[in-house]
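Chain A is fixed; fit chain B onto it per the hints.
Chain by chain, the residues run as shown.
2 protein chains.
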Amino acid sequence: MKSILEIAASCNSVGDIEEVIEREGLYRFLVGGALAGQMAAGDVTALKGAAGQFNSRAVFAIDDTQHTVQFSEWCGDRTTRTAAMAAVLARLRKEDAWASLRKWRNELYPVYGDASDADNVAVMIERAASYNFGIRTYGVHVNGIRRSEGTGAVEGMWVARRSPNKPTWPGFLDQIAAGGIGDGAGVRESMIKECGEEAGIPRELAEAGARLAGTIQYFTRSALGLQPETQYVYDLELPAHFVPEPRDGEVESFEFLSLDKVLDRVRRGEFKPNCAMCVADFLVRHGVLTPENEPDYLAILDHLHRPLPYSAPTTVSPRSAL
Amino acid sequence: MKSILEIAASCNSVGDIEEVIEREGLYRFLVGGALAGQMAAGDVTALKGAAGQFNSRAVFAIDDTQHTVQFSEWCGDRTTRTAAMAAVLARLRKEDAWASLRKWRNELYPVYGDASDADNVAVMIERAASYNFGIRTYGVHVNGIRRSEGTGAVEGMWVARRSPNKPTWPGFLDQIAAGGIGDGAGVRESMIKECGEEAGIPRELAEAGARLAGTIQYFTRSALGLQPETQYVYDLELPAHFVPEPRDGEVESFEFLSLDKVLDRVRRGEFKPNCAMCVADFLVRHGVLTPENEPDYLAILDHLHRPLPYSAPTTVSPRSAL
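Protein chains in written order, with full-length UniProt numbering: chain A, 1 to 322; chain B, 1 to 322.
With the rest of the complex left out, here is chain A (with noise of 0.2 angstroms):
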């Protein structure tokens, strides 16, 4: 058995991003003259040759000494730096120069810094090439629910088993829905497609019982690479009658638990760990986990809610809406 904080720390594993730049030599990845990524030399060099062109100009521009990648100055807007990106990743593809890409997702992820855009997006990079980039990635992470009809209190929680065939984490548990928000969907969105398509959760039970509840951001370390990621977590309520089904093969069953044996399950390490780490959230922002029985309760959220130091988005909603 694991402590929870033992559980956090494992994912939030990576310390001062500043130190561990500079004791790996990492390159920066610059937007805008702000930090967007960090890159292994190894995939810079790769950037350098002729891979690195588009239209025979060098997308990006980069310096040894300061051991910065920055895109060239003609790749000045969204449009422009996009197309660029996409036409260097393929010749790496083709050449298979960055292992990451033999798994490639068709899914653009964003990087925020370019306030002249809308959206504030820089440049969309395809999914497969972001750890390349070490780019801060976005998500979300679904708590399905049930409440007792009488007294309102949280009866238990819907949790997932991943797919045995799935390339990362298979067979451990995982919310009833959650995925990567790509191709600048929006975020609620992102939920209800989730929703439907891992869980065959129909829409209206998504749209009427999704209640957004905060982030938990973390900075992890796996095999493919450093990977800065915000999860926004929903709880949702859904109805006593219902019952999730695998729909797109990602899950192989769902499973109803109570939040004892959710807990359980957690500290047994059965939980893919960021999946923990909501769980973990869910517990601490419905009153489970507290410093009465929990000695390690400040430094969890700590681990919890570790700020990133990269552009963030901002949407295109008036600010008024409320």
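Quick caveat, the hints were computed from the structure, so don't treat them as lab data.
The structure presented is a predicted model; accordingly, all values stated were derived computationally and were not measured.
Ideal Cβ placement from N, Cα and C applies to all residues, glycine included.
Take the hints with a grain of salt, since some may be wrong.
Below, in silico cross-link-like pairs of lysine to aspartate or glutamate (DMTMM-like), each with a Cα-Cα straight-line distance of 20 angstroms or less [as the list claims (entries may be wrong)]:
1. B:193 / A:292
2. A:48 / A:96
3. A:193 / A:207
4. A:193 / B:292
5. B:48 / B:73
6. B:193 / B:250
If you want the ones that stay clear, here's a sample from chain B, every Cβ over 12 angstroms from chain A, calculated [stated by the list, open to error]:
7. 28
8. 68
9. 70
10. 96
11. 107
12. 161
13. 242
14. 243
15. 270
Structure of chain B alone, referenced to chain A:
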């Protein structure tokens, strides 16, 4: 009207603490070799003379090269450190060496970091001196809410107007109850105590209706000094018939406001800044503030959950309580 981000940033106003210590020539207050606070050079000077002694021995080992202040070796446990600290502060108060001590509170704040103590407490310090040592302090903030009996939706929140006679933030809006956790009191017990003292909330109502929902953390600079603060945040559901009453002179009046109105008051700058943070956290957790209506959503969250590089408390409760 201010944006919530501006308000949050004005509360979590201290940047990287290492840079601040360096730039301002502060002394590190170390306990067990770890950072427990930071002190202005002028305050350290006052500890060097006779006032810094207890039973004719220097209480602190001060290194002007390294810019560190720590307890002398003979102050080897919580009891000795606390007695020595009390003697030093009593003398500084008598000599009027630190202006902060004119507002002596007769309330002890814990500093953590001694694993040999059951509570991890290294020393207890008079609250008025917490600013001089720059220690991390802890409090409770209570969101007093009412739900619709029909839909269960949150109808609004009780807010307190601080007495015009309060030494800090007179006349500003506040939570229904809030206060520092002193004298080694438990977190939940402190919440129940503040509910009774500040708003006349009977113990039974507080015990039955209050749910801990996490923390807000920030690092603020006030006229008094640098203050790293952790506030445990409770949501307290109150029955429709209950009306809070000012009890101890800290509150002038209470008012029940819809969440829209609460947010409007936040944006007008009518709330004490850390109370505004507590409101923002409530609105995030309850899905009222979202990325769809608040472009600064993620930046606000980073300010609400500032990690603090100081030892945290552990409790004596068994880890297995859940």
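Do the hints match the structure? See the list:
no.: 1; hint: B:193 / A:292; verdict: 17 angstroms, holds
no.: 2; hint: A:48 / A:96; verdict: 15 angstroms, holds
no.: 3; hint: A:193 / A:207; verdict: 11 angstroms, holds
no.: 4; hint: A:193 / B:292; verdict: 17 angstroms, holds
no.: 5; hint: B:48 / B:73; verdict: 16 angstroms, holds
no.: 6; hint: B:193 / B:250; verdict: 14 angstroms, holds
no.: 7; hint: 28; verdict: 18 angstroms, holds
no.: 8; hint: 68; verdict: 21 angstroms, holds
no.: 9; hint: 70; verdict: 23 angstroms, holds
no.: 10; hint: 96; verdict: 36 angstroms, holds
no.: 11; hint: 107; verdict: 20 angstroms, holds
no.: 12; hint: 161; verdict: 23 angstroms, holds
no.: 13; hint: 242; verdict: 19 angstroms, holds
no.: 14; hint: 243; verdict: 24 angstroms, holds
no.: 15; hint: 270; verdict: 17 angstroms, holds
Comparing the model with each numbered hint stated earlier shows that all of them hold.
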